[in-house]
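A.B. asks: Sequence:
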Amino acid sequence: MRAEERQSRLLVLARQSGRVEVAEAAAEFGVARETVRRDLRDLERRGLVRRTHGAAYPVESAGYETTLARRETQQVPEKRRIAAAAAQLVGEAETVFVDEGYTPELVAMLLPTDRPLTVLTASLRTASLVSASDSTTVLLAGGRVRAGTQATVGPWCRDMLAGFVVDLAFLGANGISREYGLTTPDPAVADVKAQAVRSSRRRVLVGVHSKFGASSFCRFAGIDEVDVIVTDTGLSAPEAHRYSLLGPQVLRV
1 MRAEERQSRL
11 LVLARQSGRV
21 EVAEAAAEFG
31 VARETVRRDL
41 RDLERRGLVR
51 RTHGAAYPVE
61 SAGYETTLAR
71 RETQQVPEKR
81 RIAAAAAQLV
91 GEAETVFVDE
101 GYTPELVAML
111 LPTDRPLTVL
121 TASLRTASLV
131 SASDSTTVLL
141 AGGRVRAGTQ
151 ATVGPWCRDM
161 LAGFVVDLAF
171 LGANGISREY
181 GLTTPDPAVA
191 DVKAQAVRSS
201 RRRVLVGVHS
211 KFGASSFCRF
221 AGIDEVDVIV
231 TDTGLSAPEA
241 HRYSLLGPQV
251 LRV
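The sequence shown: position 243 = 243 (UniProt numbering), numbered continuously.
Accuracy of the hints is not assured; some may be wrong.
[Unchecked claim] Label-pair distances were calculated between CB atoms; the ranges are:
| # | residue 1 | residue 2 | range |
| --- | --- | --- | --- |
| 1 | 80 | 249 | 16 to 26 angstroms |
| 2 | 131 | 159 | 14 to 24 angstroms |
| 3 | 73 | 37 | 22 to 32 angstroms |
Because the hints were derived from the structure by calculation, they are not lab data.
C-beta: ideal position from N, C-alpha, C; glycine also.
Construct all of the structure, not just a fragment, from the sequences and the given hints.
C.D. replies: Written as structure tokens, this is what we have:
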């Protein structure tokens with residue numbers, strides 16, 4: 001099997017399963033593990049995967065984005081820990097923006113219900129979940145609904161967000177890198193996220209370790225525009241420190 005064909009199959013495996021294991025791929029293709037590692041290095045140089053110890057994750061791009069249904073099956077224990085730690089940062093905030101995505105949705109489910117709270121979101125699922133609380137006022141930004149994420153985008157959504165000053169925003173990103181900042185595949189989504197950043201007094205980024213070092217098509221904020229990053233211990237302490245040097249506090253849970 002030629003390298004080009006093998007790399008193409010590796011990328012398909014990563015996108016279908018959410019990750020590809022070096023040992024498993026080597027056994028399936030009948031090649032040495034170092035051959036697979038070399039293939040993954042080539043794919044990483046092309047911005048298609050993000051390598052970690054013994055595995056690689058697909059990078060979401062203009063031509064590839066996972067659905068919300070897929071996200072709620074991948075790295076769930078890590079996402080739950082991140083959400084629990086992030087929810088502790090609400091403090092005395094009275095107004096909260098919750099981004100689209102599965103990890104922000106998990107945060108929303110842990111928001112306080114024993115006091116009045118206003119939640120602003122573009123996520124249909126998040127709006128439905130938090131509206132069950134009598135003490136929570138939910139404002140759902142209108143616009144075009146993206147089927148894969150069940151969230152709204154477009155000028156109506158962006159302009160509605162522009163009319164608010166929010167105490168705290170919980171943000172997600174498809175790619176997080178020191179070089180390119182926070183990125184996402186779709187320009188319409190980036191437009192909404194960028195406005196959420198501008199409209200918020202304090203910003204908390206939630207994301208699993210596999211997103212770090214990856215970059216997608218559209219940049220919507222710099223690392224220095226985030227106050228706190230909450231991730232899992234898969235991000236090494238030295239790498240977390242490098243991100244903290246750019247401004248935010250980095251919590252590994």
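A.B. asks: Could you run down the list of hints and mark each one as holding or not?
C.D. replies: Checked hints:
1. Restraint check, residue 80 to residue 249: a C-beta distance of roughly 21 angstroms satisfies the suggested window 16 to 26 angstroms.
2. Between residue 131 and residue 159 the beta carbons are some 22 angstroms apart, a value that agrees with the proposed interval 14 to 24 angstroms.
3. Restraint check, residue 73 to residue 37: a C-beta distance of roughly 26 angstroms satisfies the suggested window 22 to 32 angstroms.
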